[in-house]
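Protein chains in written order, with this note's numbering: chain A, 1 to 332; chain B, 1001 to 1776.
No wet-lab data here; the hints were simulated from the structure. Beta carbons: idealized from backbone N, C-alpha and C, even for Gly. Since no wrong hints were added, every one of them can be taken at face value.
Cβ-to-Cβ under 10 Å is the rule here; a few derived chain A residues that face chain B:
(1) 115
(2) 118
(3) 268
Lysine-lysine pairs mimicking DSS-like chemistry, simulated, CA-CA at most 25 Å apart:
(4) 1147(B) with 265(A)
(5) 1147(B) with 297(A)
(6) 1225(B) with 1183(B)
(7) 1247(B) with 1380(B)
(8) 1154(B) with 297(A)
(9) 34(A) with 1154(B)
(10) 265(A) with 1154(B)
(11) 34(A) with 1581(B)
(12) 1154(B) with 299(A)
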Amino acid sequence: MIKKLIATSIAVFVMQSEAIGSASEALRVAHPEKTLLTDITNSGKKLVAVGKHGTIVYSDDGSSWEQAHVPIQSLLTAVEFASAKRGWACGHDASILNTTDGGVSWQIQQYLPDLEKPCLDIEFVDDKQGFAIGAYGMMYQTQDGGKSWTKRFLNEFVHPDDIEYLAELKQDDPQAYEEETQFILPHFNRMLIDGNDIFLVGEMGLFAVSRDLGTTWTRIDEFYSGSLFAINKNKKEQLIAAGLRGNTFISDSKDVSFSPINVEKAATINSIVSTDAAQIMLANSGFVFTVEGENVKTKQLKNGKSILSGVLHNGQLVLATEEGIQTIEVDR
Amino acid sequence: MQSILNQLVYVVFRHRFMVIALFALATVFLGYKSTHIQLDASFNKNIPLNHDYMKVYLKHEKQFGGANSILISVCDADGDIFNPEFFTQLKAVHDQLYFIPGVNRPLVNSIFAPSARFVEVVEDGFAGGPIIPANFTADATGLAVVKQNIEKAKVVGRMVASDYSCAMVSAQLMETDPQTQQKLDTLAFAKKLESEIREPLSTDKVSIHIIGFAKMAGDIADGAKDVVFFFAIAILFTFIMVWLFCKSFKLTLLPIACSLIAVVWQLGLLSVLGFGLDPMSILVPFLVFAIGVSHGVQMINAIGKKVSEGVSSKVAAEASFKALLIPGGIALLSDTIGFMTLLAIDIGIIRELAITASLGVAVIIFTNLILLPVLASYFKSSKMHRVDDGKAKANSVFTKLRESLVLATDRRYAAVILLVSAGLFAFGYWQSKDMRIGDLHAGAPALHEDARYNLDTFLISDRYEISSDILKVLVEAYPAACTEHDTMDRVSRFQWRVENLEGVQSAVSLSSVAQAVNAGYNEGNLKWQTLPRNGASLVQATSRVETSTGLLNGDCSVMPIIIFMDDHKAETIDHVVSQIKLFAKEEGTDRVSFKLASGPIGVMAATNESVAAAQLPMMIYVYGAVIILCLISFRSIRATIAVVLPLYIVSTLAQALMVKLEIGLTVSTLPVIALGVGIGVDYGIYILSSMMNQLKQGMPLSAAYRNALAERGSAVLFTGITLAIGVSTWIFSALKFQVDMGILLTFMFLVNMLGAVLLLPAIGTFIWPDQKKKCE
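Okay, chain B solo, but in the shape it has when bound (with noise of 0.2 Å):
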């Protein structure tokens, strides 16, 4: 190991300028490519597509429609849609919803679809038409004509509010065109309903209100170019911090500088290989500029002190290079394997965080590693001018600083060390046991309770008796099932008792629709709301519900059960979903089963077991890369405990903070974990692999955690809070998401760092007692 690292150190530094030329021109190249990245939001990105529900929903998805839709409601300023001006207006967002690409337009509804029809129950039979007339004008008369047809319809709390002062408009999205076969741009697609819709046809009197995946990517991708802005506040204040470290503005430059170059790389290499940026985790690149400074910063620190210490800036950067490759390269390998592990979890958007992430990590091997080093060689007299060098009257505050932690290493602090983290992570395992699948609010969790996309959601599903949280069972049976008795019975029986359940708004189906149509039969008479014994009503009844409702195929071998929900938090969707497997069990039959599941809700319960499902495996796969790697450099079980035992409190504790924070685990968040660990693990090797030489050599724990802390220590306390303040800022983000995000992350720089100065040489303490008693 020790020849190839020499080998490498020789190669690099003979061809500083070969290396330099190399990386300028990778820069360059993947800098051109990075400029055509893009932010990128599919539907089926977030859905595990290999979980049983989503083969139901993949199986279904052409007949009944996906789960990715659009609802828009306008509202009249009055509370009463019935106006010439509403109604004007109405028809607008219609037409325009229709032709907008991307739409599915035979599913475009509204009481202006051509679908919106009503039937009535006269003296000699049935009477019908469309819910608004062919001659229909918007005064007193049409639009007292269109009010009853709207009742007939029973469309009051789905198509018009229910208390009339909206009306809806819906639609269903084609993740390709079927013409062009062009894959559907989400982004571009909520662009237009502002630019198309909500701009040019609200009034002061009618408002517009939409919601639906696309919508809600959409003002995450809005809110996330703030990203950008607060990325420069971190830049500039780690500029400044980092200044203050070293007081000299060519190796401030060169961390800074260099873990931009990372995330440059990052995003060309993304581009190059054809994917874009999701909203989601636009946050990576900031997790890659933070790590590679933590890097970078250990590098100048090295260089600096070997330049203070007299020798030319080459001979320092060569020996630096040579003392950090190792320690640096295994903490940014057990990085880029532990993401790398994430692409086992079958969910698309993690798999791309996988690889985001992964890559970003990577680079910073070369970037900070290698190229950091070699053109910290060329500087001439890069004097660091430390404000930690242990001799300027300054620095007692330092010393002192270092005294106290090295006290850690004391077994009587050690223990107390011990038994308060043993306690602290007691308590965040308890506090973690809490920690709930899904999002846990209604709305969009990744944008502020007040933001107008959640106060247009609580808006429809305040005024509607629908939302777009709705669920489908999808009842698989046999050709002509709906005309037989007991299996429309057993439709019934189980949407009666999905409906009883918490959290269920109503259900409708094929079953429920053709008691309707019974009634109707019936002269309206609800007391016939029921399935007729007679087969030939049956059939009747059933006969007259048409494919186009999304209620049935062809040959009624397989009917949806659709329900509409409250909310979709993870409480919710639990609860409902397990209560339905119970109930699928008790009313399926070896002809007819209740398969789960499609609709939105159907998507949310798919994805919240896979991300359950991968939660443990992910941490096996990232705990494991890290130990694994941990094993291999330091060949030492006891040292590997000292990094990975510290690491795992943290992280347990940031799931408890999760709890606290009401986030739940998310294909979004689930990520958020491993980075933790990530970040954690760097300050922990970097100090270990200082201590174990000295170790090695027989020093005793404390002189070798003090010489380590004075290497390494204060570019460990640097950097720590340097980043934690970095990302606290993000508590002024637009986007929730970050503002949850930049907590967490502050919340593990920090204690990671905690966990690296105190509970790593407390347990040292104790694993390593032979070589302390020996030498005292």
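The following block holds chain A by itself, in its conformation from the complex (with noise of 0.2 Å):
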């Protein structure tokens, strides 16, 4: 493990030689809304949706999309709104953007090229707290809406067998401890903060939890060993967290204690929607599994696209596809 850890350093330091010019705007184009999605929200207002090249697109009626000013062009990962105006975006060069106008324009508040971590998700408590979460157990946290984000390493899930290592290597060498803890988490992949609970789900069955707003954090028991993309909760207060290929859990209502749902098809889940009855599964391959209870039923996207996220819009579902926006009806 020592050994694989210090190779991976080295491989860091030779890459973080390579200059990396500094963020240019994203090209404005035809057909914004076609190119990969990967999230979508509404901010009260308007449904906004993140993507490839630097895409953000705003539309008012889930038909018609417009194309934001992004000052950069990575492949954006998450969206999230505090209220209709202020709202942040993340991906990848670790880059934080926010908004103040509902999601037309957007600035750079964090922009870290030379670190080679996407963000992978952005969650915010209100509209000053909020984390950005990503690969190799990336975390950031602000407490004033963005205007200095603080980075977090999360030692309590750092491996027993490393825990030791790492503190000695802070005392003797805080450089190289600084590198060792570049790669030795797991992604965190997702967020989902409800009141004062925080779950986070991520790579190899991650499974965590911050009863006190991300101070202190918990690692579940594994369920899964695979990566877990999707937590969500239901009305009867069960979590539900899906992954690769198709693999879903659901807990108990008390517990954080999972139990396996049966889904048919082993399409990975990205994330899950919830409706006043159902929880609507979204996943690779355009798969759209629909949880009620036990009972999963599988739809599919005649175009097969895998959909990466979804919002409800007036009775439909506006999904963000690896080939854009597209819209399908909710079962009822």
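Put the complex together from the two separate chains, hints included.
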């Protein structure tokens, strides 16, 4: 393990010596809504979706879309609004953007291409407190609406074998410690904020909970060895976590102990949208799994394109897919 | 000049038997040779090989394949391919195509190809295999597995129709067989597609749809065979009309027979020179016939007239020969030279047409200006019962017509004619500005819209995300360019911009595939579908892509970006190519350049640009030849203007007509403009040469014109109408191309004739005013 870590750190050192140009503005194109879109949300006023080449698009009606002014060209992976005006997006190059005009124009809050890590999700408690999480346990936290972002390293998730080694290293060689911690943690894929509780899912079956708005974290015993990409809560206060190859788990309403739900297609589930009656799980290859209790109904987009995210809008589900926006009816 | 002419007349008419014997020998020999002529269509012939794009194309052709591809879509009648019968037929199509000679076997692609594999992400890494498993049996379980594999392999929209109603087998054709070094016989290949694939492998439930250059050429060749039928109709019709004109079976036979001999000579000479006849230039023999008839009728008209004056047929033939050799020769020579100037255009098929047409026109000088009078001199009492001998009662109509034509030399009428012509010209000029270069319609414009080929094209572009309308931009960089983020990012950005262009369906490049692979390495999570900044990860992502994908060469110093387009309309290509040039400038660096072009659309773009560039020089050459020859023969700038101006107005109007008919300027339609000039010049030269002699003697223009009409006018009117009616039957052709040409040629025969009998004298009224005043 240690050998591997050292090897990795050398690799990192070599890579960082490469010069990387500064950010340039996202190109404005004819059909921005037809590119790979990774996340979509409802700001309260508008639907806003983010994706490839620094694309951010917004729409009032879910059918006609406009491209926002975005200062970077990185693949964006997540978007979140605290109010109709104030929102954030994050993505590759550890980039974090924010808007104060409801998504029309965006500014850089953080852009660290040398880090070579993507942010994968961004969530806010209110318009001040927020988290940006991503690859290799990346976590940035803000208390001031993103004016400043503070890096956090969640020591709690380090493999027990490595804790001692890291503690030593931190004392002896702070720089080596810094490099070592770059790649030691699993990817953080998605976060769910629910009152004071925050749930975090990620790579290698990572499932963690914070009961104090992110100050301390506890890792739940592994119930699945693959990656989890999606988490949501249903009306019965049950958590549903899903991920690689259609693996889906549902918790007890009281306890965070999970049991699997049978999904018939082995398609990776990317996100979960709650409706009044059901949880709609959006997956690769265009699969849409509707979970009602133990019951799972399977549908597939005709074009079979992978669905990354979705949002309810006027009784329809507006989807962010690998080929852009697509709208489907919600089963009643 | 006159003495040379006299010498020639002497030589020819003193040795009439020798002349006929020589012609007979040549006709037998060339007739024999002409039976060997073959329809011949080759892909490279249509390419401007020296165009910049095509240099790029040829440079990379070996590595990345050519533009000559064939797509076979196998479709299920019930719209669902997952049944045993379909898979049996699909496999059969794949295997059959593989074994047809001319196919580049390693590049035969379908879900049955060994290269058709899927990769999927599982908990502990990647898993993968062929789309069709080795132990595949076409039962419910087997088909379910294949369906899953197809989805995993992400070939829906490419190898399988987006709605799973069809599956695709595609192949590339090789211009020359690497083993036998034999040139690909496109038309034979097209036949095999029918006889070895479509016919035996179609069933009630499974239909087969084939598109690609070879198939299109084959279908055009099939349609072109009907040309013989239309040719026969036109000949028969011309025969009847000539007989009505001269009421003499013998005289009727002469222009028809001599014009047919010209066609035989032309075909024979082509065969001797080692050329075939391209399906697109199959109309040229008919044009040769038409031009031949036009000159032949002038000749029998002159002979008949002389005979009716009471001289012997030999004297009449000799006099007519002497009178018409110069104007006829000048007209034909200017055609010949005009067509030969097409050689300057660097596209094989146009050069071939230049040779075909100029040979054909040149031989008319021999057959119709020499052989015809010599043959006529043997006729005993070949008196023409001319409808228009100025005596019979029935001729009052002709006399009236002639007199009304002579009114064109009246200043007032002339002014009106000139004004109307100027108006028409202005309208035509304004319309012809909209002339588009390239094909204006999707599918094969040479075929009718409801032809099977075009229906198949629409089906394929409907049901798949791809078509045969592929443009490749070649990224020429440096060794190991694909391991550098900046370079790959430029490719990615370039591709994204291209994908957003109107007319582009989708695009694929090493960069986009590497991004997908990167997502694959990250558990198939599309949030990772980007180029990793980390060099090691980038290498990992690109190294997984093999050169057999056609997306990179061995050291990834060259990476094609493959662009799938909606169609190949001129507008679409123009727009996409011009934007690509802009992107190439913006994303290119000293080390990375985005080079146009390869793929069928790349070829078309180059062809369109060459045609556009050739248009003006061609017009200059053709008119230059006509002007110089007119200047030499008439020794008068004014006479030259009187001949050339109507021609120019008519060819401008013809271009306007092309715009109205939505015919784009392509390698096959470009020469029509030159041919139109060739058809038109005859009339003007015949009429004016008759007038010039009299004008020189001081005769007033109106009188000179009246005499010219009496001498040659009826023949001009007659040929114009006869040939126009003859070609107008082409609107019933199975080939859209022939229909279009029929309309255009009808227009040119008629309007050029009107130009010669109305506009020419009207112009004359103003450019020879002194003579007129003096004599009135």
